[in-house]
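Please build the complex by placing chain B on the supplied structure of chain A, with the hints as guidance.
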Amino acid sequence: MGLSLIHKLTDGHSRGLLPRAHLDDKGSYSAVKNLPELVNDAFSLVIVISLVLLVLVTFFTVFFAVKYRRKKNPVPHEVKEPLILEITWTVIPTILVLIMFWAGWVNFVPLRRIPENAMPVKVNARMWSWQFEYENGRTSPTLNVPLGRPVKLLLHSSDVIHSFYIPEFRIKEDVVPGMENFLWINADREGEFDIFCAEYCGRGHSGMISKVVVMSSGAFHEWYEKKEEKHAAAGELSGPALMEKHGCLDCHSIDGSALVGPTFKGLFGRSQIVVTGGREMSMIADEAYIRKSILHPSDEVVKGYPDIMPSFEEDMNEEEISAVIGYLKGLK
Amino acid sequence: MNSGQPAEAPQSFYYNTGKYRGVLSWVLSTDHKRIGILYLLSVGAFFLTGVTLGLLMRLELIAPGKTVVNASTYDSLFTLHGIIMIFFFIIPGIPASLGNFFLPLMIGARDVAFPRLNLLSWWFYIVAGFLALATVVMPGGPPDVGWTFYPPYSIRTTTSVSLAAFAAFVVGFSSILTGLNFITTIHRLRAPGMGWLRMPLFPWALYATSWVQVLATPVLAITVLLLILERSFGVGFFDPVKGGDPLMFQHLFWIYSHPAVYIMILPAMGIISEVIPVFSRKAVFGYKAIVISTMAIGVVGYLVWGHHMFTTGMSEEAQLVFSLITFIVAVPSGIKVFNWVSTMYRGSIVMAPPMLFSLAFIFLFSIGGLTGLVNASVAANVHIHDTYFIVAHFHYVMFGGTGFAFFAGLHYWFPKMFGRIYNVRAALIACVVMFIGFNLLYFPLFILGWNGMPRRYYDYLPLYQPLNVLSTIGSWVLAAGILVVVINLVRGAFRGDPAGSNPWDGTTLEWQVPTPPPAENFDVIPEITHGPYHREGKAQ
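As you go down the protein sequences, you meet chains A and B in turn. Reminder that position 215 of the first sequence reads as 215 in the numbering used here, one-by-one numbering, no gaps. Reminder that position 274 of the second sequence reads as 606 in the numbering used here, one-by-one numbering, no gaps.
No lab work stands behind these hints: they were computed from the structure. Don't take each hint at face value.
Claimed, not checked - Computed list of lysine to any residue pairs in SDA-like fashion (alpha-carbon distance at most 20 Å, straight line):
no.	chain 1	residue 1	chain 2	residue 2
1	A	K72	B	A684
2	B	K398	A	R138
3	A	K303	B	G473
4	A	K332	A	G239
5	A	K303	B	S564
Here chain A stands alone, though its shape is the one from the complex:
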């Protein structure tokens, strides 16, 4: 089917209709500064038309209810049903919805056309934290971006479906495990803006929050080139800091309280029932068990807890795992 025709039509159309979203010579939308305005415009159009219709309907409802009330108008009059009336209120709304549809579509297309010069950032979502991975391997719990440069976000989930949402930028896309969705942003002012998870993902859903930090180009590059603490001194990072960094404490407490996962307090050396391959067995939480639980959490799940922890095989290096185990040993 004429898919290319659809694109040609819509892209061509948006050139004339939308002053804020213009194409450059290469056919990309690199010059777009104000993606949020596209969403606002489509929204406002629907709201204005809807308000007019709502006011009309409400006005006539109240007007008739008052004017033709029984006391004033004891005898009803049957009226003719002119066909032209039915045709009018079928055709006009149809035209209106087609206009709203078209505005929604042409304003949407630029949101899906990533400029060629966009900086790619990989977004890693898991229950219940965000992590942002840059081209040079740098990772960050906040999304740091330079002002005025298009950024392409590649969305990855290691467990369930999340949804990456920046209300201020008017964008959202689901983060679906097993597929790579994308978004792009082009921040036009410095500041910090909220990132939410918009798809329900379990107990910590409403706490799965981060921030976009929009920096000046210079400040961003300084941050970007700076060696991460991890590389500089992995061994020096303390257990608690590492656990905070990797989001362990979202699910495991260190004070004995019950969260989604078993508490870390008194874990080391504890005897517990685990479920492995559908069978239950008793085992002691020793160094080998903890290592295995970090790398292959689904193999042996403590009885009574959901099998929802993602593997940290690619996220934690050997030094970090050792540091965490060392810390857990002492957590009585």
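Chain B only, in chain A's frame:
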């Protein structure tokens, strides 16, 4: 059980207990009127349960952080609220209770086509209801997945998801059987002379609804069965770790659940189409236009499910087509609203409780429908998808629409069902209180959604608090209004004044039989010679 039994009507169905006595004369009855009342009491009980859960959720959200329950409990609250309200109140609410009672009466039949199947439907419903409630006491605790059951989360969690999904499966059969029964009844049992275009609009609405129930519900049954198989035996339908596709679940789920939205709203529209002509003393304006719109919604409603998935990474072509069809499906609903309002033109209008509820319906449903256009616009959808804007939108359609229409219908047909009338003044006040409470509760949610607050949030940033407080206060006002309605109706059923057979001066057949109706409705099946809204001595 002898509720609402007026002494002066010994021929009424309340006296004809059939083979059994006491409670058994109800739960084993095949009389469509008794089954209708069984359904009314059951959906009423589930509605009040859902309201209570909703009040608890709103109370929790009055402040950020923990207020009364912890996060896991909150997740179960919104899941049970959704499952109970959708599967056990809104979907069966109007067709199974008011529809069961009045469909045969309105088309001049002695009962539905398959009375025993009708009883079986109620049993499926009530068993499913207990299964859903049983999740609360099961090991693992009540489900925490939302009424949408999205995998992979619904596969990983250890709560009683499978049992809740099975309850949806069972109640689905109740829905399918009721649909099948109504379709057959309407095709085969209309009174002589009642051609299709002499059938009242409520039966027309039930007809369209029934087709959607029969054709769409099996898809839900299959979907939840696959989910249960995956949870129990690890078959990889939806979990990407096992090679499954989580979006396939969403497609299957919404192929049922979007048409289900029309299962919920079409009967409500049918009620409004009955009430407004009666209380305006007029024939309905644009009968044929309303019939065509009803059927058009039923058909086109199948083709719009993708708008629930605009942000899942679906192809642009799919987004384009689903957006277009979603916009188109709004038109027939608009046509109905215009015809209802025009029905009032030059009428002689009585502002009785059913009419006031119907006018509230028109306003609230218009807001719900028009904000649906925002969701249909792909560019706007990107921002408001999965936010409180959506929560506000569907509560305006489902509660402001279907809920208020249910109350309109209940107040309209109540005298016929129970032979007595409630306190009219109290009913009018309750309607106004509900209307104010409703808007206080749900309108702030539109603004919260536009400001970016995602739905299903246990905790929120402080900037969202003022509107949440307002919304919670609204929930108390709304609950107060509902409480007055319940007390007024229960009191009316037992101690209200006798109603007479046609208190509203209605023109359709149910008003021509004694009140409450006798066991087999009609001594002699009437011969139909004119349209349903024809008034004697008036030009039509």
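### Task
Hint by hint, work out which the structure violates, then give me just those numbers in ascending order.
Per hint list: single violation, 2.
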